[in-house]
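J.: Okay, here's what each chain looks like letter by letter:
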Amino acid sequence: AQSVTQLGSHVSVSEGALVLLRCNYSSSVPPYLFWYVQYPNQGLQLLLKYTSAATLVKGINGFEAEFKKSETSFHLTKPSAHMRDAAEYFCAVTTNYGQNFVFGPGTRLSVLP
Amino acid sequence: SQTIHQWPATLVQPVGSPLSLECTVEGTSNPNLYWYRQAAGRGLQLLFYSVGIGQISSEVPQNLSASRPQDRQFILSSKKLLLSDSGFYLCAWSRQGQETQYFGPGTRLLVL
Numbered sequence: 001a002q003s004v005t006q007l008g009s010h011v012s013v014s015e016g017a018l019v020l021l022r023c024n025y026s027s028s029v030p031p032y033l034f035w036y037v038q039y040p041n042q043g044l045q046l047l048l049k050y051t052s053a054a055t056l057v058k059g060i061n062g063f064e065a066e067f068k069k070s071e072t073s074f075h076l077t078k079p080s081a082h083m084r085d086a087a088e089y090f091c092a093v094t095t096n097y098g099q100n101f102v103f104g105p106g107t108r109l110s111v112l113p
Numbered sequence: 001s002q003t004i005h006q007w008p009a010t011l012v013q014p015v016g017s018p019l020s021l022e023c024t025v026e027g028t029s030n031p032n033l034y035w036y037r038q039a040a041g042r043g044l045q046l047l048f049y050s051v052g053i054g055q056i057s058s059e060v061p062q063n064l065s066a067s068r069p070q071d072r073q074f075i076l077s078s079k080k081l082l083l084s085d086s087g088f089y090l091c092a093w094s095r096q097g098q099e100t101q102y103f104g105p106g107t108r109l110l111v112l
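The listed protein sequences derive, respectively, from chains B and C.
In terms of my numbering, the first sequence has 7 at position 7, counting the first letter as 1, and numbering is strictly consecutive.
In terms of my numbering, the second sequence has 98 at position 98, counting the first letter as 1, and numbering is strictly consecutive.
Fair warning: there could be bad hints in the mix.
Stretches of chain B that chain C covers, calculated by requiring three or more beta carbons in the stretch to come under 8 Å of a beta carbon on chain C [as the list claims (entries may be wrong)]: (1) 18-31; (2) 44-54; (3) 104-110.
Quick partial rundown of chain B residues pointing at chain C, CB under 10 Å, derived from the structure [said to hold, decoys possible]: (4) Ser70; (5) Ser73; (6) Ala92.
FYI, nobody ran anything at the bench for these hints, they're computed from the structure.
Where a beta carbon is used, it is the ideal one built from N, C-alpha and C, also for glycine.
Model the full assembly from the supplied sequences, consistent with the hints where possible.
T.: If you want it as structure tokens, here you go:
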């Protein structure tokens, strides 16, 4: 069975500062890993995904994440935060095409002016 | 391109009333379909998934049921709503044999 933990239910950064959202996973087989973003009262939008190709994955809106097998991590980063990045971010893991898609509890990102 | 629709966007229902939420996908055929619930301040809980017409798998026993009467239509139902059914319901789809899920805009349900 898979599981996902996201350290920090709420992260605040200043505009222009580095964004780092943490995700650690547990999986007995090679995982597929995802980051989704959710703006208020909206569905989830795919930011990026890791599917066993390059370990550094670039996504939309300037975000990227690095898969580190030794640390079982898939942290999300962005060099410079923008006000529009304020949202909730979910890390997710699956192994067999979605039938056991597991989401983390989410991290709410606030961007301060 | 593919699009996914959910309606209604918002729904307020009394306890004990029935429920029907609809999800449709356009631009693809034979998708996998999923229903999730997101309770306030919590993550996403997978409720049901379907790999084909009439094929429904339930992840969590509860007051809800799902049906897939057509290839690209997924319906979430309840005969009698409970207060605990309040939440944000998200429908998602994925291509057969692929891992990425794409989400609809969601339906916010408030049971009073």
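J.: Confirm or reject each hint.
T.: Evaluation of the provided hints:
no.	hint	in the structure
1	18-31	violated (count 0)
2	44-54	holds (count 5)
3	104-110	holds (count 3)
4	Ser70	23 Å, violated
5	Ser73	18 Å, violated
6	Ala92	8 Å, holds
This entry does not satisfy hints 1, 4 and 5, going by the numbered hints stated previously.
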